[in-house]
Amino acid sequence: MKANPQANNFKHKSRWTGMLVLVVAALTLEATALIQFHYSRKGIREEASKRAESQLENTKVQVLDILNQAENAVRNNIWLARLCLTTPDTLPRVTEHIVRENPVVIGSTVALLPDYNIKLGLLSPYSFKDPLTGQIISKSLATEEYDYPSQEWFLNGLEHEDGFWSEPYIDTGGGDMVMTTFSMPVKDPSGKTAAVITADISLDWLTDLVGSSPVYPNAYNMIFSRSGKIMVCPVESLVMRNTFHEVAGQFEDTAAIASLDRSMFSGETGSVTIRRKRALSRVYYAPIERAGWYMSVVIPDKQIFSEIRKVNSFVNLLQAIGILMLFLILRNAARNQKRYNKLTENKDRMENELRIARDIQMSMIPKVFPPFPERDDLDISAILVPAREVGGDLYDFFIRDEKLFFCIGDVSGKGVPASLVMAVTRSLFRTISAREESPGRIVSTLNDSMVEMNESNMFVTFFCGILDLATGRMRFCNAGHNAPMTLTDAKRKLDVVPNLPLGIIPRMEFQEQEIAMGYDDVLFLYTDGLTEAENAGHELFGETRMANVLSTRRDSRGHLLALEQAVADFVKDAPRSDDLTMLLIHYVKKSPMFHARHIVLKNDIQQIPFLNDLIHEIAEKINLDESLAMGINLALEEAVTNVMMYAYPEGVEGEVKVDAFASDKSLKFIISDRGKEFDPTAKPEPDITLKAEDRPIGGLGIHLVRKIMDSVSYKRVDGKNMLTMIKNI
Amino acid sequence: MEVKITRKGNETTVFFIGRLDTPASQEVAKELQPVLENASDTIILDCKDLMYISSSGLRIFLSVRKEAAIKGGKVIVRDINDNIRSVFMMTGFLNLFVIE
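If you read the sequences in order, they're chains A and B.
Residue numbers for the first sequence follow this note's numbering, beginning at 1 and rising by one.
Residue numbers for the second sequence follow this note's numbering, beginning at 1 and rising by one.
Just chain B, same shape as in the assembly (with noise of 0.2 Å):
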C-alpha cells in the first residue's frame, strides 16, 4: 500500500494505490495526519488505484469527513472502482461523499 498527498492551491490530493486493509490503514492512518489540518479547503481522495478497502480503510475516509466537515471544507472521492463503490453502498458511504 502507497500513498501520496499532492498539495496543488487549495487542493490536497491523496493518491491510494493498493490495498487498504487493516494492517495498512494503520500506517495510512498516521500518513494522512497532515491532511486533516488542510481540511479547510478541498481534500481529494484519488481511488483509481485502490484496489481494496476494509472497515478501518473506511474509518480514515470517514474521519478526513468529519474534519472537512468541522473545518467546512470540501471531501471529493474520485475515480472509485466497481467492487470498491459497492463497498460504499454496502455502508451508506455512497451518500457522504461527493464521488467523481
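Extracted from the complex, chain A is given alone in its bound form (with noise of 0.2 Å):
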C-alpha cells in the first residue's frame, strides 16, 4: 500500500505550523521585550534624572554652606572694619580675626581705595592661615608690583554692595591652590565707600565634594566658573587650564553644545543630551547663582541603562532558551508525528487486510434474507455484528430433505485468532452435516475434529439443531452455549443440557435432546454478546431488556433489528467489547406436506394438457373432489398460459416448472421461470359485469386464477418468476 496521502499533507502541514508556532512565539517575546524596554527606559531616565537633579541640589547646598560660612565672616566683621578706619593700623587685626575665628576663611584683606586717605595712600593688611603650619600671618598687599586697586576682587568689591565671588584663580603666593575671593564694600560713617573687605576660600574641597558620590560608575561632575572655566573635572589636567568652549570644541555635536552653552549659562536648570564620539550623554546642570558657576553632571546613556541593559540580555538569554526549547519540542512532536504516520500507514494496511478477511468470513454465513423465499412455512433471520474487523462468533442453517439444519457458535476470544476457529468451525459443521442426521453425532464428531486441532486451547461454544419441517419435531444438542429461548406463548428458555463447550475434552458424549415445535413457534439463539453488551457505566443489557424487545410480535428480521436498536442505544459510544449475534426461527408448522411432484415444461401452449397429466395424479394420490381438480387445474393453465405467452419473447424457447405440493389441508403450486420479469398479480381485474359488446376478449387468465386460489403471490427470485399459488382443500 502507497503512502497515505493524507498523512503526507499532514505531515507537511505540521512542519509548517511547527515554523509559524516557533516564529510567532520569538516575535511575540521579542515584543514583549521591546515594549519592557521602552517603558523600562522611560523609567530609568526619570530615575537618571532625578537622581541627576538631587545631586545637583546637594552640592549647591552644601557649597552655599561654605560660601554662607565665608561671606558671614566678611559681613559680620564689616563694623568692625568700619571702626578701624579711623585708626588703620589696626585693621591687621580685624582680618587676624576673620581668618582665626572662620574655619573655611584661608586669607582676609581689607584693602583702601587709594583715594580715601590722601596721607595713608594705599593699605591694606592681609592675614592668612600657612597651608602648612597654619600660623595666621599678616602682610601687606599694597606692593607696586601687586597694584591690588587694579585686582579684579577689588573692583568688583566696591561695585557689588551685596558683595561678589570673584572668578577662582590659582593662588600663587601660598602654593597652588585653587581659590575664590568673596569681597564687599566697606562704607564710613558718612556712608562713603571706605575700603573693600574679603575672604578667601580654598576650593580644594569642591573636588571632592562633588566627585564623593557619583550618581553613576562612570557619571561625572563638572563646574563651570561664570567666564566658563573648568573648576571641577575628572581630567584634572584640564581644572583651571580650560574653559568650557574650548573642550565644547571636540564635541561634534554642536547644536546641543550650543544648546547646553546658551542654556547652562544664562542659569537655567536642564538637561540637554549630547553625542561624543556616537555615545550619548545625559547632561544634567544648574547654576549656583551666589557663586556664579554652573555645575553639570554627566551621565553616559550606557551608565543610565547599564541596569536595564543588564536584565536585557538576561531576558534575550531567556528567551533564546525558550525558544530553543520550543524548538525542540516541536521537533520532538513532529518525529512523533512521522512515527504516527508511519504507524498509520501500517495500520490502514492491517484494516484493509481485515476489511479483506471479514468480507471473507462474512461470505461464509449465510445472510441473504429471507433466505428460503419459496417456503411459507419458515421465516428464518439472523444478524452477526463482530465487535472488531472480524469476529469469532458464527451462525450456519441450509435445509436438507425437508430438514432444517442450524447452529450458533461463539469462539472464545476475538479477533483474527477467533474469527479463524470460526471458519475452521463453520466448516466442519457443513462437512460433518452433511451426511450425519443427529445433532449429538454433529457436535462430538465437531468436538473430536477441534480437539485434535486445538493446539492454541480456544474453545468454542455452540448449540445445534435439526428442525424437521414436515413435523416440528426439533432435535438438539447444546457445547456449552446459553440455552435459546422458546418465543411461544411463554417466553422461556429452552430447557438445555449445559454439556462442555466444543474443543476441550476429546471422545465426549454430548446428550442430544428434542422437543416438539408447534404452529408459529419461534426459537431464538444468541450469544452472549447480546446479554453482555455493556454501556459505559458497565451495566449489562441482559435478559429481562432482551425479553422486553421480543415481547412485541414482529416478524423475525423486525426482532433482530429491534434487538440491534436496542443493545446500540442501550451501549451508546462505549467500545463494543464482544460480537454480537442472533439467529431467530420463526417455524409455523403445517398439516405435513409432501413435495408431490414437478414437471418442466417447454414454453410451448402445446404442453398444456401435461398439467392435466399432473392433476389427475395428485388428485388420484389424495383423492381430490373432480370438480376442485378442474378447478385447479383451470387456474394452473391459467397462470401456465400466461407465462408461456408473456414471460418468454416470440421465438425463444424457455422453459417453466411447475412444483407441486400436497399434504391433506391444501395443495401448494409453485410455478417458476427464468424469463423476463413479469408478475401476472399485478395485472387489473377485469369488469366482469359490461355487456357483451363492451368486454374485451382478454384478462380472464389471472381473474379466473384469483377466483379459484385461497392464495396467490409472484415473487422475484434469483432471477426467477416465482408464482406460488395455494388452494385449501
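Take these hints with a grain of salt, some might be off.
[As the list claims (entries may be wrong)] Straight line, CA to CA, 25 Å or less: simulated DMTMM-like cross-link-like pairs of lysine to aspartate or glutamate:
id	chain 1	residue 1	chain 2	residue 2
1	B	Lys71	A	Glu693
2	A	Lys707	B	Asp82
3	B	Lys66	A	Glu685
4	B	Lys74	A	Glu693
5	B	Lys48	A	Asp377
6	A	Lys192	A	Glu307
7	B	Lys8	B	Glu100
8	A	Lys691	B	Glu2
9	A	Lys727	B	Glu100
10	A	Lys691	B	Asp82
[Claimed, not checked] Interface residues of chain A toward chain B, partial, derived using beta-carbon atoms under 10 Å:
id	residue
11	Val315
12	Leu318
13	Gln606
14	Glu637
15	Pro686
16	Gly698
17	Lys707
Simulated from the structure, these hints should not be mistaken for lab results.
For every residue, glycine included, the Cβ atom is placed at its ideal position computed from N, Cα and C.
Got two chains here, each in a separate frame; can you build the complex from them with the hints?
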C-alpha cells in the first residue's frame, strides 16, 4: 500500500505549523521585551534625571553652606572694619580675627580705596593661614608689583554692595591652591565707600565634594565658573586651565553644545543629550547663582541603561532558551508525528486486510434474508455484528431433505485468532452435517476434530439443532452455549443440558435432546454479546431488556433489527467488547405437506395438457374431488399459459417449472421460470359486469386464478419469476 | 377435443365434445370461422359433452356472442355442466348468454 497522501500532507502542514509557532513565539517574546524595554527606559531615564537633579541640589546646598560661612565671616566683621578705618594700623587685627575665627576662610584683607585717605595712600593688610603650619601670618598687599586697586576682587567688591565672588584663581602666593574670593565694600560712618573687605576660600574641597558620590559609576560632575573656566572635572589637567568653550570644540554635536552653552550659562536648570563619538550622554545642569558657578552632571547613556541592559541581556538569554526549548519540543512532536504516520500506514494496511478477511468471513455465513422465499412455513433471520473487523461468532443453517439444520457458536476470544477458529468450525459443521442427521453426533464429531487441532487452547460454545419441517420435531445438542429462548406463549429459555464447549475433552458424549415445535413457534438463539453488551457505566444489557424487546410481536427480521437497535441505544458510545450474533427461527408448522411432484414444460402451448396429467395424478393420490381438480387444473393452466405467452419473447425457447406440494389440507403450486420479470398479479381485475359488446376479449386468465385459488403471490427471486398458489381443500 | 357443427333452417348448432383448453381453443377458433358468418341467425352452443373450458375457450364463446350482437343474431348455450357453470359464474358469462 502506498503512503497515505493525507498523512503526507499532514506531515508538511505540521512542519509549517511548527515553524509558524516558532516564529510567532519569538516575535511575541521580542515584542514583549521591546515594550518592556521601552517603558523601562522611560522610567530609568526619569530615575536618572531625578538622581542627577538631586545631586545638583545637594552640591548646591553644600557649596552655599561653605560660601555662606565665608560671606558671614565678612559681613559679621564689616562693623569692626568700619571702626578701624579711623585707626588704620588696627586693621590687621580685623583680618586676623576673620581668618582665625572662620575655619573656611584662609585669607582676608581690608583694602582701602587709594583716594580714601591721601595721607595713608594704599593700605591693604592681609592675613592668611600658612598652609603648612596653620599659623596666621599678616602682610601687606600694598606693593607696587601687586597693585591691588587694579585687581578683580577689589574692583568687583567696590561695585557690588551685596558682595561678590570672584572668578576662581590659582593662588601663586601660598602654594598652588585654587581659590575664590568674596569681596564687598566697607563704608565709613558718613556712608562713603572707604574700603573693600575680602575673604578667600580654598576650592580644594570642591572636587572632593562633588566627586565623592557619583550618581552612576561612570558619571562625572563638572563645574564651570562665570567665564566658563573649568573648576571641577574628571580630567585634572583641564582644571583651571581650560574653559567650557575650549573643551566644547571637541564635540561634533555642535547644536546640542550650543544649546547647553546658551541654557546653562544663562542660569537655567535643565538637561540635554550630547553625542560624542557615537556615545550619547545626558548632561544635567543647574547654576549656583551666588557664586556664579554652573554645575553639571554628565551621565553616559550606557551608564544610565547599564542595569536595564543587564536585565535585557538576561531576558534575551531566557528568550533564546525558551525558543530553543520550543524548537526541541516541536521537533520532537514532528518526529512523533512521523512515527505516528508510519504507524497509521501500517494500520491502514492491516485494516484493509482485515476488511478483506471480514468480507471472506461474512461470505461464509448465510446472509440473504429471507433465505427460503419459496417456503411459507419458515421465517428465518440472523445478524452477526463483530466487535472488531473480524469476529469469533458464527451461525449457519440450511435445509436438507425437508430438515432445517442450524447452529450458533461463540469462539472464546476475539479478533483474528477467533475468526480462524470460527471459519474452521463452520466448515466442519457443513461437512459433518452433510451426512449426519443427529445433532448429538454432529456435535461429538465436531468436538473430536476440534480437540485434535486445538493447539491454541481455544474453545467454542456451540448449539446445533435439526428441525424436521414436516413434523415440527426438533432435535438439538448443546455444547456449553447459552440456552436459546422459545418465544411461543411464555417466553422462556429452552431447557438444555449445558455439556462442555467444543475443543476441550476428546471423545466426549454430548447429550442430544428433543422438543416438538408447533404452529407459530419461535426459537431465538444468541451469543452472550447480546446479554452482556456493556454500556459506559459497565451495566449489562441483560435478559430482561432482551425479553422486553422480544415481547412485541414482529417478524423474524423485525425482532433482530429491534434488538440490534436496543443494544446500540443501550451501549451508546461505549466500545463493543464482544461480537453480537442472533438467529431467530419462526416455524409455522403446517399439516404435513409433501413435495408431490414437479414437471418442467417448454414454453409451448401444446404442452398444456401435461398439467391435466399432473393434476390427475395428485387428485388420485390425495383423493381429490373431480370438480375441485378441474378448478385447480384451470387455474394452473391459466397461470402457466400466462408465463408461456408473456415471460419469454416470441421464438425464444424457455422452460416453465411447476412444483406441486400437497397435504391433506392444502395444495401448493409454485410456477417458476427464468423469463423476463413478469408479475401477473399486478394486472387489473377485469370488469365482468360489462355487456358482451363492451367486454374485452382477454384478461380472464389471471382473474380465474384469483377466483379459484385461496392465495396467489408473486416473487422475483434469483432471476426467476415465482408464482405461488395455494388452494385449501 | 372435437367440434361438430350442424345447421337446421335458421339454427346452427355447435357441439363441443371434450376439453376446450388453450391448445384446443386455437384449433376450435379456426373451425368456428364459418359459424360466425351465420351470426345473424340463431347459434346454439351445445355443451352437453364439454368437460372443461379455459379462458381461451371462453374467448371463443365471447367472440361468437359479440358477432351475434353486431349482426342481430341470437346465441344460446345449452346443457352446461356444473363445473363449467361455475366458471361462467366466476367470469360473469352467465349474464352474457341465454342458458338452456
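Checked hints:
1. B:Lys71 x A:Glu693: Measuring from Cα to Cα gives roughly 12 Å; hence the hint holds.
2. A:Lys707 x B:Asp82: holds (16 Å)
3. B:Lys66 x A:Glu685: holds (21 Å)
4. B:Lys74 x A:Glu693: This hinted pair holds, its Cα atoms lying about 13 Å apart.
5. B:Lys48 x A:Asp377: Violated, because 43 Å separates the two Cα atoms, which is more than 25 Å.
6. A:Lys192 x A:Glu307: violated (62 Å)
7. B:Lys8 x B:Glu100: Judged against 25 Å, a Cα distance of about 18 Å means the pair holds.
8. A:Lys691 x B:Glu2: Distance ~29 Å between A:Lys691 and B:Glu2 Cα, so the pair is violated.
9. A:Lys727 x B:Glu100: violated (32 Å)
10. A:Lys691 x B:Asp82: Distance ~23 Å between A:Lys691 and B:Asp82 Cα, so the pair holds.
11. Val315: Since chain B brings no Cβ nearer than about 106 Å to A:Val315, farther than 10 Å, the hint is violated.
12. Leu318: Because about 103 Å separates A:Leu318 from the closest Cβ in chain B, which is outside the 10 Å limit, the hint is violated.
13. Gln606: Constraint on A:Gln606 satisfied, holds at 5 Å.
14. Glu637: holds (5 Å)
15. Pro686: holds (8 Å)
16. Gly698: It holds, given that the least Cβ distance between A:Gly698 and chain B is near 7 Å, below 10 Å.
17. Lys707: A:Lys707 check passes; min Cβ-Cβ to chain B is 4 Å, inside 10 Å.
Comparing the model with each earlier hint shows violations of hints 5, 6, 8, 9, 11 and 12; every other hint is respected.
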